[in-house]
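Peer 1: Both chains are sitting in their own frames, so use the hints and assemble them into the complex.
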Amino acid sequence: MAAVNVLEAKGLTKIYGGLEANVDIDFQLPEGEITALIGPNGAGKSTLVGMVVGRILPTRGSVSFEGADISHLPAHQRMQLGMAYTFQITSIFPGLSVYDNVALAAGQKLAGDKGAHDQKTRQVLDRIGLADRHDQTAGDLSYGHQRVLEIAMGLAQDPKVFILDEPTQGLSETEVDAFIALIKSLAGETTILLIEHNMRVVTETADHITVLDQGRVLASGTPEEIRSNAAVQAAYLGTTTDA
Amino acid sequence: MSKAAKSNALHLAILALLFALFFVLPAYHVGAFSRIMVLAIYAMGFNLLFGYTGLLSLGHAMFFAAGMYGFGLGISQAGFSVAPAFLTGIIAASVLALVVGYLALRTAGVAFMIVTLMFAQTVYLVILYFGEYTRGDEGFVIQSAQRVFFGIDLTTETARYFTAFVLFAICFLWAAKLIQMPFGKRLVAIRENEERARMLGYHTDSYKLRALVVSGAFSGIAGASYALLFGYVGASFSTVQYSIFPLLWVLLGGAGTTIGPLIGVIFMFYLIDISSSYTTAYMLIAGVVLVLLTLFAPQGLAGTLRKRVFPWLP
Chain A
3 MAAVNVLEAK GLTKIYGGLE ANVDIDFQLP EGEITALIGP NGAGKSTLVG MVVGRILPTR
63 GSVSFEGADI SHLPAHQRMQ LGMAYTFQIT SIFPGLSVYD NVALAAGQKL AGDKGAHDQK
123 TRQVLDRIGL ADRHDQTAGD LSYGHQRVLE IAMGLAQDPK VFILDEPTQG LSETEVDAFI
183 ALIKSLAGET TILLIEHNMR VVTETADHIT VLDQGRVLAS GTPEEIRSNA AVQAAYLGTT
243 TDA
Chain B
715 MSKAAKSNAL HLAILALLFA LFFVLPAYHV GAFSRIMVLA IYAMGFNLLF GYTGLLSLGH
775 AMFFAAGMYG FGLGISQAGF SVAPAFLTGI IAASVLALVV GYLALRTAGV AFMIVTLMFA
835 QTVYLVILYF GEYTRGDEGF VIQSAQRVFF GIDLTTETAR YFTAFVLFAI CFLWAAKLIQ
895 MPFGKRLVAI RENEERARML GYHTDSYKLR ALVVSGAFSG IAGASYALLF GYVGASFSTV
955 QYSIFPLLWV LLGGAGTTIG PLIGVIFMFY LIDISSSYTT AYMLIAGVVL VLLTLFAPQG
1015 LAGTLRKRVF PWLP
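Protein chains in written order, with this note's numbering: chain A, 3 to 245; chain B, 715 to 1028.
Chain B on its own, in the form it takes in the complex (with noise of 0.2 Å):
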């Protein structure tokens, strides 16, 4: 089998696992991979600028909280149906980040994780300073009744994990077919080696504003999916640890690897999920598994298992 064909398999067999996982587990941890499948979408977004392109910003929550608030917004001010309101949460985050990546592509290294995470913490206090419109800190919650789409109620336990699963479908194919595109090759040319792509005559700044944009969109794309499926819209999405846990979780589940982001989330959700039922110092407990994992798999799980056994995985 090609390498093609087995990583399309690989990703065909994990939403066939997915979607299998709705009628075993229980119903716990059925809500527990609804959620993760929508963060999952969000770390997919992170890694196509961190892991393929090699861009580290520290200001996404600043995307999905676009995505989060324009869905929200539209739903509570604007009165949009749920179609609508979604498009306009991907809108408001594509436009967001093409605007940021403008400006904020000036630089490089350490000079854009500051300029980005500042760019966040404008956007959260943006967020606190229209506090009649967003409600601030406290946040404001979308209605059942808002929830409909095409009469399908999204508020259910059912329906809420098959929205989840078909977004996050989507994008997870996407994003693989991405890589796997000259547009996908020329981002990880830009990482591994910026002035030899240019030198082969790649417009090295378009192409990192054209996958800034990208990232961005699946970002909104979270948050808005986060806002319709779980019903809250809140500034606490936009601060500084909302941008840092996609970082950990690509960290941990293997950057600049399709399945990664997806891995990097369910375990740092179960670790943090399965720690806490044990000590009320469940962080100290997640922050000494990632140092372990740094010191022994610096690459990630994915990225570890790509270099020790699947050379092949995408």
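Bound conformation, chain A alone (with noise of 0.2 Å):
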């Protein structure tokens, strides 16, 4: 079966002086569904992820988001059109309530009606176990629990297409777990990018994974064509230990 691809990137490319942080990258989302993205340090994950939701600008290549070209479209635009994006190193309001953290993120689209504002804001707070803690100044928070509140940021935010830049990055192995159930309860509701290190994580919710290496596509295929690929074999797995 051939789903449609919520997003496609198509030639990406980015050359910082010299230096070939991407080349012609073809990139594909399928609509609801969880594509990692996987690939030794330096590989070029970020810099990808970065040309997909806006934050850098490519030397060349497109994207776009449910059928339309949005390359030319400024990083705030682009959420504004569905998608949401969390930070590799914690990216939260830390002199704000836990409470006011995930208000800002549902209120870009429910800011004008108060009540269902308030009603997403709890309900996301319910789901990702933050709702006893809503009073408190995000700050304050241990950082598992941080970036449990990064998370729910995005998912306030109610996405098209999900993001998420090494979202267990410093978790303990139980916060892991919730994290991979989350993710998994997540699947058909939206469709995700998941920047992975932790392979774990990325073998038990994968659809799919593509290998980044040197700024090019090594592999790009189901689970089980990964593993099964000598190139990937050589290049990461081999040579990797899990994060």
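Warning: the hint list may mix true and false statements.
Said to hold, decoys possible - Computed Cβ-Cβ distance ranges for the label pairs, DEER-style:
no., chain 1, residue 1, chain 2, residue 2, range
1, B, Pro1012, A, Ser144, 47 to 57 Å
2, B, Ile805, A, Gly97, 30 to 40 Å
3, A, Ile91, B, Glu846, 53 to 63 Å
4, A, Gly97, B, Ile958, 42 to 52 Å
5, A, Glu226, B, Val824, 46 to 56 Å
6, A, Ala118, B, Tyr996, 34 to 44 Å
7, B, Arg820, A, Gly97, 22 to 32 Å
8, B, Arg1022, A, Arg218, 54 to 64 Å
9, B, Ile884, A, Ser144, 55 to 65 Å
10, B, His743, A, Asp115, 43 to 53 Å
11, A, Asp134, B, Phe897, 24 to 34 Å
Since the hints were made in silico from the structure, they are not lab data. Here a beta-carbon is modelled for each residue, glycine too, at the ideal position from N, C-alpha and C.
Peer 2: Below, the structure is given as structure tokens:
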């Protein structure tokens, strides 16, 4: 069954001075499925995602979202179209309450309707397990809870495409388990792009895997195909240990 | 009582107190409080930009001056009556803020401070350059006969106090409302983490520009009110000193609090007023107090209260 691609990148290239961070990357996100983007450090994952969400201007190439070319749109307009992005390095509003953090994320679409806005915010806090901490200042939360809050903010945006940049970095095993359960519960609801180092998370959640190496797509396919791919084993799986 | 109800009660209590002060204070302090309330409007405008949006401008005197000259020249040159002249002052400050913001907001941090400082200096020099109309450094007086609003003579102590009170009350409640609204929350989000706000889909550049225009409008209202109530328009109000004052008031009172600007102005006014009755070196005393406050209450008076006693403080 050929799924519809909600997001498509064609020929994305980023050259910093003489350094080729990404070269001619073709990349698709099938609607409603979980795609993982993996690759060793320096493979160009963050650059690629940066170009997809609009934080980094590509040297050439295009990005389309739901069939429309969005290459010329600034980041905030891409988010308005229905993307959400969580940062690799935790990025929340430290001086605001947990509730306000999530409310700000939900408010981009819902601020006009007070009731719906509050309801959405509470619903996300419940789902993510932060409801009893809604009054706390976000900056005072533990590291693990801050990561969870960051994901909650993404959820509150009700994204069509949810991009998570190394969401499990620095989390404990139990927290990773909770994350895996959450991501699985989102399947079908939204399309997910996961940039991840933790292979357990990738193998347990992803429907598709794209492997980047030295700025190029090394392989792309189902987890089984990737696992049996000799080039991938040589470049990545055989040489790295889980983070 | 909910947080919002508490803060509303606090704001109304403060207004009731200011209203009552007129009847209990001696004449000198009634005059002082008329001035304090007008300057507090200026401080509240500055606070919107600095305390809530996190943008530090070192050139806010240009907006105060734009309001003051918009009003003053409206009366002296265009022959307007009080209401249209006042409106001219607000429009002048808002338009100036829009233009300056459009250009200056391409920068951030220290560069933004310097660019706003330079624009304010330009405004000061423009005022001097057009000395024929503005009377330059010397300034000009707005005659008592021209300071009449719907038959009310605004030069009497009573009319002056209550005009300042009404203007202050409107701005105070408006500012408090603004930061409760989604717009205000988004400004705080920009202060806390601009990149995150952008990646939530907010056009942060546009919000910063709007914050600057509202802040400029408040400053313009303060400038026009000052000219209206005290009858004097002068270039000294557009100097660097008048750009630094609101920063001091807001830092002392508590940046990012609704009551901080008023507290800061009262504190600074009486600090100088009382110390200057003892010594000519009153600025030294003011300086030492500022250093002590910065060391021991870096979040200002209201900010420290919020941190230690009243976490609900708006």
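Peer 1: Lying within 43 to 53 Å: is that true of the beta-carbon distance His743(B) to Asp115(A)?
Peer 2: holds (48 Å)
Peer 1: Just to be sure I understand the hint, the distance between the Cβ atoms of Arg820(B) and Gly97(A) should be within 22 to 32 Å; is that true here?
Peer 2: Cβ of Arg820(B) to Cβ of Gly97(A): about 26 Å, so the range 22 to 32 Å holds.
Peer 1: Assuming the hint says 55 to 65 Å, is it satisfied by the Cβ distance from Ile884(B) to Ser144(A) or not?
Peer 2: Taking Cβ atoms as reference, Ile884(B) and Ser144(A) lie about 44 Å apart, which means the hint is violated.
Peer 1: In this structure, is the beta-carbon distance linking Pro1012(B) and Ser144(A) contained in 47 to 57 Å?
Peer 2: violated (26 Å)
Peer 1: CB of Asp134(A) to CB of Phe897(B), is that within 24 to 34 Å?
Peer 2: Given range 24 to 34 Å: holds, Cβ gap about 29 Å.
Peer 1: Taking the CB of Glu226(A) and the CB of Val824(B), does the distance hold inside 46 to 56 Å?
Peer 2: Distance hint for Glu226(A), Val824(B) holds at roughly 55 Å.
Peer 1: Is 54 to 64 Å right for how far apart the beta carbons of Arg1022(B) and Arg218(A) are?
Peer 2: Holds, at about 57 Å.
Peer 1: Mind checking the hinted window 42 to 52 Å against the Cβ distance between Gly97(A) and Ile958(B)?
Peer 2: violated (25 Å)
Peer 1: Is it true that Ile805(B) and Gly97(A) lie within 30 to 40 Å of each other by Cβ?
Peer 2: holds (34 Å)
Peer 1: Verify the CB-CB distance for Ala118(A) and Tyr996(B) against the hinted window 34 to 44 Å.
Peer 2: violated (56 Å)
Peer 1: Could you say whether the range 53 to 63 Å given as a hint is met by the Cβ separation of Ile91(A) and Glu846(B)?
Peer 2: Check passed, 58 Å falls within 53 to 63 Å.
Of the numbered hints listed earlier, those contradicted by the structure are 1, 4, 6, 9.
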